[in-house]
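Please model the complete structure; the sequences and the hints are all you need to start from.
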Amino acid sequence: MSTSNSGQAYHNNRVGPVMRAGDLAQAVIEAARIDNPGKEVFIDDKRAYIRIHTEQEMILRQATIEEELGRPFRMNDLEVDLSSFAGQIESRDDSVRFYFTKKL
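Counting the sequence shown from 1 gives a position; our numbering is that position plus 8.
Hint data in this document are derived by calculation from the structure and do not stem from the laboratory. Where a beta carbon is used, it is the ideal one built from N, C-alpha and C, also for glycine. Be aware that a few hints might be false.
Stated by the list, open to error - Simulated DEER-style distance windows between Cβ atoms: (1) P80 - N21: 29 to 35 Å; (2) D53 - T109: 24 to 30 Å; (3) E48 - Q96: 19 to 25 Å.
Here's what the structure looks like:
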């Protein structure tokens, strides 16, 4: 896990969700690590919200989030705790993808 300075957020290729702190955010952090092997997951914990990001692309799978939560989960329920996000977003029934089409 890495921490970062959010003041640098506009000068990089990092993408991912900004979540309200809580159980779902913790599950998303673990899912980001599992679903994006070989990528460094950056965590910027501001207590009220948590910025979770990787370089260029992040995929989060419903099955992984369910496993981490220990209960069923619908991907559109992610929006309830999603304060913001970096990059573009592609949402599917069983996954969500954060990405950039251009690289800085």
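Hints, verified against the model:
At roughly 33 Å, the beta carbons of P80 and N21 sit within the given window of 29 to 35 Å. A beta carbon spacing of about 28 Å between D53 and T109 agrees with the range 24 to 30 Å that was offered as a hint. Here the CB-CB span from E48 to Q96 is close to 20 Å, well matched to the stated 19 to 25 Å.
Hint check: no violations occur; every hint is consistent with the structure.
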